[in-house]
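Enquirer: Just so you know, the sequences run in chain order A and B. Taking the working numbering, the leading residue of the first sequence gets 1, the next gets one more, and so forth. Taking the working numbering, the leading residue of the second sequence gets 1001, the next gets one more, and so forth.
Derived from the structure by calculation, the hints contain no laboratory data. Only true hints are included.
In silico DSS-like cross-links for lysine-lysine, where the CA-CA straight-line distance does not exceed 27 Å:
id	chain 1	residue 1	chain 2	residue 2
1	A	Lys212	B	Lys1324
2	A	Lys49	B	Lys1324
3	B	Lys1328	A	Lys49
4	A	Lys263	A	Lys478
5	A	Lys450	A	Lys544
The primary structure of each chain is shown beneath.
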Amino acid sequence: MPVFNQSRSNIVRLIFAGMFLIIVAQLFHLQIVSKKYKQQAQENALFRKSVYPTRGIIFDRKGKAILNNTILYDLMVTPAQVKNIDTAYFCQLMGIDTAEFHRRIVEARIKNGQFRPTTFEDLLAPEIYARMEENIWKFPGFNLQERPVRIYPYYAAAHIMGYVGEVDSAILRRSNNFYQLGDYVGRSGLEQYYEKALMGQRGIEFWIKDNKNRLVDHYQEGTLDTPAIAGKNLHTYLDIDLQQLAERLLNGKTGAVVAIEPKTGGILAMASGPSFDPNNLTGPDKQANYSKLVLDASGPLLNRAIKGQYQPGSTYKPLGALIGLDENVITPASGINCLGSYNACTKPVRCLESWAGHAATLRLAIAHSCNSFFCNTFRLEVDNPEIHSVRRGLTKWKEYVNAFGLGHRLGVDLPSEDGGNIPDTAVYDKDYNHAWNSCTMVTMGIGQDKMLVTPLQMANAMCIVANKGYYYTPHFVKSIEGAPEDDTLLSRFHQKHETVSHISDAAFEVVHSGMQDVTEIGTAKPARIPGIDMCAKTGTAENKRVIDGRVLKLNNHSVFVCFAPRENPRIAVSVIVENGGFGAAQAGVIASLLVEKYLNDTIATARLALEDDITNRNLMPGYLVRLQFRDDSNRAALWAKQSGDSSRWLKYQTPSFRYMMQDTSAGSKSPLYQALHKPAPYKSALAERMAKLKAQAAAATIGLDSALKAPATVHPPDSGVRKPAPVQHPKKDSSNGTEVPPVRLAPPPRRPDSSTYKDSTR
Amino acid sequence: MSTRNPAISKGIDWSLVWIWFILCAIGITSIFAASYHDGDNVVQGFISLKTDYSRQLLFFILAGIVGTFILLTDSKFFTATANLGYAFGIFLLLLVFPFHSRVKGTESIIRFGSAFQLQPADLCKLFVNLALAKYLSRVETNFTRPRSQLIAAVIALVPAMLSIMQKETGLSLVYFSFFLVMFREGLPASILVIGFSFSVLVVATLLLEPNTLALVLTAIALVAIYILRKAIKRTRSVLFLIVGVWFVCVGIQRFVVPFAFDHVFKPYQVKRIYDAIGKDYVPKDQATEVALENEVKTSGKKKDNNYNVKQSKIAIGSGGFIGKGLLKGTQTRYDFVPEQKTDFIFCTIGEGFGFLGSTIFLGIYVVLLMRIVTIAERQRSVFSRCYAYGVASVLFFHIIINVCMTVGLAPVIGIPLPFISYGGTSLLTFSIMLFILVRLDADRQMVLR
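Isolated chain A, as found in the complex:
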């Protein structure tokens, strides 16, 4: 056969070679020229895994951990591996039904796919965890994953410590993508304020993942990984025993307590009522608990110590006296002939005392809280002849009050502090069209009118008075473990503010004497602590509230400030109890118990009955029932409007249901009312102490100490926890006095029938 086409073999070879060259060119393009495939390969197979450090621990002044970490467990599921499990048994262990089980499996599939573990239930309750751990081997595809969780071992200081929660979009935006979705971040309190120190430093691990997004192995044996650095611990000034006592005493009341160490500005205790158990916002039910707290009309999430704005009432008077002394408009010997009211202005201001000579000197005027004297002093300050102008007089006065730390934010190390209000001339210009004089706002001299302060500010003002002119910004944190000396977070708390140190020591001494007389001979005798020189001032602030469009005059707020001891003061306290009535009645006793506890480290047995009494007193205002009803029914109506489901709303329109829900009479069946007036959960401190002492005595085989005999007869030891105080209604406050135990070791609060003094402050 002739090989006539042999040349064509070369063409075939050429075709072969040409095609291979095209492929090699494409390979050159893919593997050498183009960089995007290498990057895409990394995106495919590399996973940046954040490693979360443990958050820092918060200690109190005695080194007790008041905010700690613990481990809870998440139940994870990998849907692809769930095979042949006893679903019924599993559901029984978990306490869910099979429909819910299938729903969650489907949800997990949608969320993370078949092959990646997804949370089936987070933060298992301890008993469910115990059950699951024993049986987890029976359920392939399920595993328990550790998860560090915050814990509050003392069940206290909820408002101060704050809580952690997942970041929201606002935080994400603000943090400049430092946080990632699903990160936990401090959402309030110290947790939020010291987030940077507490959170530590996130570590990053590079993992290789496969086509089903499963993490397979460390990338390059983990050489690129950075380890997580644990958060720094905080040491605070807080005294957790004092804090617990403060919260116990505020039980069943709306109000706030702040105790500060005057020498350092360190906050010893800060409580706000009503409060809640901070552990409710960490555990398995945190979502449900949180919604409950948010929807509660009494506002348990509100930290009234820094966000509650109240009229200081008579507790302002020592400051007024100091300003007057410094401006030389009064002297320690100044007096006023008060006969029960101040009549120099159009509208008389009533005074508590009407006997002659109760305001003969400054010291007596403070002791007896004479309204006339301080109205007069205020007018003298504003109309100061040396200033020649009432406008400049008011401005000057405002400067003084601001110097005492009122009317502006103090800068405490908690987020969202409120500044209170000290009005200036502009406000009165607007309200009175420039036609005003010192009489217009004369009640500002007794801490009313437009003056608003927070309990923290009042406690701080007491520090200034106690320190004779200076203060440190109130703060919780003493030191941050492992932080450099010149830490910017804390440096401003070490700065001494000598805002009113130009006021002479003599002026302070006079005011101190007056304030000491308050507890010796004056308005706060029930608050006196034997063996401690305490300087104090009571206050009773008018309380008006708009409810359903009507202005209601409610029971006065009970306000009290003090510091002790007089020489070398170690604690300054401010207490406010809403609807508490007369200053010494509630707030005074609370403050004195706190001071005693702090200075003596214990409360005298003789005064334990008083502590019990205060703890069990319920002063929750009845109007909260109405508010809660209104909020709930409005929500139900809104829900009906949005979803078309009116079943909830219709309930609120049934007359009998409406009546029952809003019934605030004693013994009411309204769940709202009962929730507000539930019996105190706290054990009787006295009964506890008695049992302890009795056990000690029995062990020592000596008879009961004679000092114990008297109380032992009052409270038979076998009676255990005392009956809760009878359900009270604010309007029936007068019944208070008669319901006390038959024998009292400490005198009962004076003038329980405070309603007669509604028009006046002391």
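Position chain B relative to chain A; hints supplied.
Expert: Same frame as chain A, now just chain B:
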């Protein structure tokens, strides 16, 4: 045995055997790299027969044994049985229609029990190769005559038709590679040129706007008329030819291609073609879309081919110049590339050994093909030469389409990479083809008919 040994090895081209051995070794290594997971016991994995690489090893040994038997066979056996084999191949293909089992959207597989399966469309290229060589080597055949060319084309394309009917378009395309053999034996070059131009036109139709393409074609025609104006002056028919070609081209571009895409091809095939040229396929109407979705559903392939190609390109592209090394490739090891043991096996090489390794690997193929062409040209018998060209063409077509598919130059049609891809039938078929060639070459001094 010792006496027969020199007889067997006499005249055998050992270079082909060595290349075969090297390629099979690379193949087993690649399958191993693609399926090995950390902590697997390698020795156990190779012995157990449960892993893919151990099965491939078994088939390799089997192929070696079958190859030895082929080398022991008389060359005349292949010429003698060529037509019978072809008839048997067609019979097998027809047998598929009643007995096929439905696997992965194909209707071309017969199953024996659970373990063994046969794909006649794959096997048949061997018989077609022999039959075509037999026909071309007949003394009566005068390949310059169109009649003979037509018969040769029918021999090659009947199995292709049957393959298409079994929904194996990819495999049917392989039979078109036999036109290369016919080209060597004297098929007019114009047919190949026209065929090539036609495919260029089709691709251009897909890539360019219809009007733009029409303008380009018109421009080309005008330029041709201008250049050939003297020739046109001499013979008027040249003008008519150019105008006729222009008319046909525009007709194809305007009517034939859209008609074919809408009515002849299945939607998924159209989509694959679009994927290969890097365009998104937008189904024309609701019915097409539904058909496309059904196709995807029934085919059992969850991820579309676009995904495969993308992952494959990422895997190869991330290899860089020298690659990540054996077992170090993240993309292939963690199964990002689907079907990476079979059709996309080239990714493992591309990622693990980079540009350098891939080029060397392709170089081995080039050496193999060139060697086969050289061998073909030294044959005295037309049968052997045609057969050798057939082997070279089939191998070439498989390699080019497979590799182009993995690097994104060709549409995804599931055809294996010879000697490398996992799959017993494929390895055995190619080995048998190659060993028959070696056997024929050993008898190159003989004239076989």
